[in-house]
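**Q** Sequence:
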Amino acid sequence: MSEHSLPKRRLARSGFDITPVGFGAWAIGGPDWGWGWGTQDDAQSIAAIRHAVARGINWIDTAPVYGLGHSEEIVREALSTIPRSERPLVFTKAGLVWDPEKRNALPARIGDAKSLRREVEDSLRRLDVEVIDLYQMHWPANDGTPIEEYWATFADLKAEGKVRAIGLSNHDRELLQRAATVAPVDVVQPPFSAIKRGFAEEGLPWVRAHGSGVLAYSPLQSGLLTGAFTPSRARALPENDWRSRDEEFAGEALYRNLAFADELRPIAARHHATVAAVAAAWVLAWPGITGAIIGARKPEHIDGWIDAATIALSPRDLDDIEDMLLATRAGSGPTRPDLSEAA
1 MSEHSLPKRR LARSGFDITP VGFGAWAIGG PDWGWGWGTQ DDAQSIAAIR
51 HAVARGINWI DTAPVYGLGH SEEIVREALS TIPRSERPLV FTKAGLVWDP
101 EKRNALPARI GDAKSLRREV EDSLRRLDVE VIDLYQMHWP ANDGTPIEEY
151 WATFADLKAE GKVRAIGLSN HDRELLQRAA TVAPVDVVQP PFSAIKRGFA
201 EEGLPWVRAH GSGVLAYSPL QSGLLTGAFT PSRARALPEN DWRSRDEEFA
251 GEALYRNLAF ADELRPIAAR HHATVAAVAA AWVLAWPGIT GAIIGARKPE
301 HIDGWIDAAT IALSPRDLDD IEDMLLATRA GSGPTRPDLS EAA
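Sequential numbering from 1 applies to the sequence shown in this note's numbering.
To be clear, the hints were calculated from the coordinates, so they are not data collected in a lab. Cβ coordinates follow ideal geometry from the N, Cα and C atoms, glycine included.
Derived pair list, reagent style EDC-like, types lysine to aspartate or glutamate, alpha-carbon separation capped at 20 Å: (1) K102 with D241; (2) K158 with E130; (3) K162 with E73; (4) K158 with D17; (5) K196 with D172; (6) K158 with D122; (7) K196 with D262; (8) K114 with D156; (9) K158 with E121; (10) K196 with E322; (11) K162 with E121; (12) K196 with D323; (13) K114 with E160; (14) K158 with E148; (15) K114 with D143; (16) K8 with D133; (17) K196 with E248; (18) K298 with E77; (19) K102 with E239.
Computed Cβ-Cβ distance ranges for the label pairs, DEER-style: (20) N142 with A183: 18 to 24 Å; (21) P146 with H210: 17 to 23 Å; (22) E149 with T81: 37 to 43 Å; (23) A183 with R235: 43 to 49 Å.
Could you build the full structure based on these sequences and the hints that come with them?
**A** Next up, the structure:
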């Protein structure tokens, strides 16, 4: 059983009650694939997942492409010692298909029904589960399969009991609208942080109108908003860490992002929390955001951000953060949630 109790939020029509923060399993996929985070220690990854569960986190978000199957296998291993009745919900994805002979090549974005059905069986096997709690299309397909067709496949998988809920990751408002004509969109998974704020403009109004849950990924902007990142650390990122090639980790953008993270320290002090916890709490303060997916590669990483689940940022905090965003010119998009929209 978990040592701590965290609050829960209903993940819209999925019927799941989830903790506001979930364990993100992207980084633990390991090196030697196109979007890896450098070398990982599998034993530490397993310990991190078990620590997350012990601290009360009740869901994990992974994907087959993370480490080309490795992340799902690590999740299975981590949960193998936990009684099934006490295991967290497991969310995974489909639609990215890789060539095992070209591990560092970009995966193909496939929406073909036969391919999706192969993927779901592969994930069930790797995760060692009988049903997937939430199954998401990772990116829009570019193999010529229209969203209406691949979303119908997802709806069929749900009707057949292969998965309990279905979602769309990295799909814009137009695609969400088209999908909704086929079947309800249980969950939407967008990138959303104080740096990448675009989803608040069009995505959030859509999900609120359609009753979808939202799982925001990269709320700490892949480490930039932890309060521990520095320019020298950015320069030292290894070649097999995708962040070494990302525009937010270089040039003026990097300095603006780190200046903003530094400005969060007084607010973190007010809440006796870390910068990381405040940055994630800001994401969770937006009406319509159900949960934040946060990665960890060591148990202590979780202790650095888990307080986001219980921090309630005040109007003063939100005003101050808006001023910081404007002053540092970090990121783009709306700068303050409208709390009057909260249900």
